[in-house]
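**Student:** With the hints as a guide, bring the two chains together.
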Amino acid sequence: MKHQVGIGFRRDFADEFIDNEAFKPDFIELAPENWIGMGGYWKKKLDAVAGRFPVTCHGLSLSIGSPDDLDWTFLKQLKDFLKCYKVDIYSEHLSFAKADNAHLYDLLPIPFRDDAIKHIVKRIKMVQDYLERPLVLENVSYYTSLAAQMTELEFVNRIVEESGCQLLLDVNNVYVNAFNHGYSAEEFIAQLPLDKVAYMHMAGHDKVSDDLIIDTHGQAIIDPVYALFEYTVKLLNKPLPVLLERDFNIPETHELISEIERLKAIVKKHWEEEHVVER
Amino acid sequence: MLLKDDTRKIQEQLGAACRIGSDAQLELSRPEALAHYQRLIRNIFNNTLETAFPITKEWLVPTDWQYLVSEFMEKHATQTPAVWQMPREFAGFVTANVYAKTLNKPALNDLLWLEWYEIEVHTMPDVEEPASMKTVYQLNDSLIMNPYHRIINLTYPVHKMHADKAAAKPGDYYILIYRMMDSGSVHFLEISPVHVFILQNIIQGSQSLPEIMPIVLSQFNFDNKEAIQKYLALFCSDLVDKKILIIT
Ligand SMILES: [Fe+2]
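Protein sequences appear in the order of chains A and B. Start counting the first sequence at 1; every next residue gets the next number (UniProt numbering). Start counting the second sequence at 1; every next residue gets the next number (UniProt numbering).
It should be emphasised that the hints constitute simulated quantities derived from the structure, not laboratory data. Just so you know, nobody snuck in bad clues.
Which stretches of chain A does chain B cover? Using the computed rule of at least three CB atoms under 8 Å from a CB of chain B, they are:
hint, segment
1, 30 to 42
2, 66 to 73
3, 92 to 100
C-beta atoms are modelled at their ideal positions from N, C-alpha and C, and glycine is treated no differently.
If we strip away everything but chain B, and leave its shape as in the complex, we get (with noise of 0.2 Å):
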């Protein structure tokens, strides 16, 4: 090792003092300038977790919010290289030491996860896109999934109400996030568990709905194969015409 012990511990005190804003013992020329290293790392996590997650920044009252960014700072070492990827990280770190709970807000994770995932398939790199000849869903057509979307589970439906509101209604909450391969921009969708099966089958290999219909029977339990049938074919079509199912 070329770098000698005390320089590399001199170093790490550095960081230390930086993110956890307390004095160092360092040998600095200038004291005072360990300040403005603190302030401008300090408004760097600021920013960058503000910017990621507007409304729960929003939502949560400042000392609160000042509270998980310190203890996220303090806590937990950042990995990813991208500052624009570390909020990931944060709600990560908030979800695994239970702030939800330290702070009594039952809404915290499913609120940072949503704002994160909606970031995530914005941002999702590109790949190669499918492309559909055909713009009207016919029973028998198989269909595949745009690649950009992710399906969430959430326990409270931060999605469609204030986060104090959705903490009184717990429940098995789908939402599909999705990304138009045109315009880029990012949309949710509300949808049911029946529904979460049927995608995740035409995620797993092109089918049409026909196709994977047996399984849903069986897994659900369904006695009426016409009715639901129809209601399926009707989301399947609804899905084409948002471009989030595309014919093959």
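So that you can see chain A by itself, here it is in the shape it has in the complex (with noise of 0.2 Å):
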């Protein structure tokens, strides 16, 4: 699956993806938690699809960040699933949607802090262990920090170090980080642990004023942020799996395919050229 362009799978244009012949991802992306226990109709749309495409998952509740102890039930059953799809990439986010023992079901910011660090370290390498595969953290879009005692960057850095997970490096959220919290998005970039980057997600976004941005998914995907992906790949320099997700405001395919391709044109740019030996 490497070097290779997908895009979220969402049952809003679940039939795109089996009746649509233009319509070609290398892949498709789901959460599991959408269709772990789940049977009838939507079952036989999720077989039929995962049966044309290779499926990669992207987890919503497991809550690494979360104060909470893990869901060993969750877990089982996501390890069944992973299984039944022969899934290879299992992804989820450097966040927490669970405290006081409810479900958010939202990405909250995990306090950037050495206990916090230790803490999540540990429930990486449970996780780890029992789902026998790298775990592999996205960095996430926040609109605060939450009584940050030091920088995102030292803070994501720390966990991929100490807990041997690998980083899902989604473009679009640093793009969305450096402006709501006023870095530089590709200082940032240059100074991650880009040897431990498996993955990649590219989205849109709303600006919703003058200083802040919400990561939605729920729009194409800006100039701006296309040139911070050409950017990241230069540097990356080694073929990876790239996700184009969009949740919301679904367009027409045709423009789904038209992003697609140009996230292709910029990966074939960089990486098939000085990988033609690569296989």
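**Tutor:** Encoded structure:
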């Protein structure tokens, strides 16, 4: 699945994956929580699509940064699901979605603190041991830091270094965070452990005020994010799967196809030319 | 414990602030962002619950609906990691805390559960499906039940009339909710207590109607065996046609 471009699979345009011959992402990504335990009509659709495209999984509720205990019942179901759909890459968010025994179904910022790092590193190792695979964790967009005692960069780097996890580099999230928190997106990316990046995300966002961008996945990718992506691709200098995220405000399929094409052109330009003997 | 108590507390405070919508004394680099998190999370709950309960949402006045969502977010700790299953917890929460009484909407619980069970049957995990060579029912055929079903008991007939009208007709209503094995579509069928009894016996183990008849007669005190058996055979035949019952 190296140097390929995929797209998030959503019910909203499920039939396009089955019926539209022109719509040929290299792989699809789905949230296991939305499909575990589901049968019937939608399971049939999922199986039809999974029969046509390789599947990666991007979880929502693991809540690796949560103060609450890991949910082993869920992890068991997850492991079965990943096996059933022959999933190579299982990624999650470096955030928390559960506190005080309640799921919030959104990604909240973890305090950038030393004790949180130690806590999360231990949990990552437990999850990796149980799932028998590396966890791929995403740099999330956040709209405020929470009682931080270090920078986001130090926090992310230490998590990756101390846990041995891999990184899902969401280029749009770096763009959003750099804008919202006033740092340089390029410098941030250049200082990440790029050898640990296993997977990439690209998406659109919404600027809700002069000084705040919300990461909605509800718009087309904007040019500055493409530019940041190209910059990152050059730095990475190795072929990786790239995923286009589109969760809301779903456009005509041809618009998604052209976004995928544009991403493909960028990775081909920088990765294929330099890796002709790869495989 | 590697996570220090104060870090844990900070995370719990942010979580609580998002659920309750309150201002929290949190150390935030951008305090105004809290409102965005609150709005985003509220939207997730609103959208998920509106999608699951479109009829209930349409029926209640907006302030009552929003009141229920707020109460749920504040007072219930959602347990499922799958957001699409969260509406089941909402129906349970509303029922357990007698909001039907608070809002003076007697049919509220029944309507919520009817809407939820439609989702539940639609998404029930797939199992090995029984196949039948035979499609025309005969009296001595052994029958089994389509595995994708629920039989529910309602006090108010919200399955066939507006919930306010249904509130004036309390009774004992049995609804069979079932999913077609081929198309996956979900249907409702109102059935009688005798029908429920027959189906429960069939669910317990493949049986033919004549085998079940003796207990039906004693249970319901029927005198005219033949008439009752004929009536129930028609019911079975209809359910075989609808592919709810399968001839083994
Ligand atoms: Fe992402």
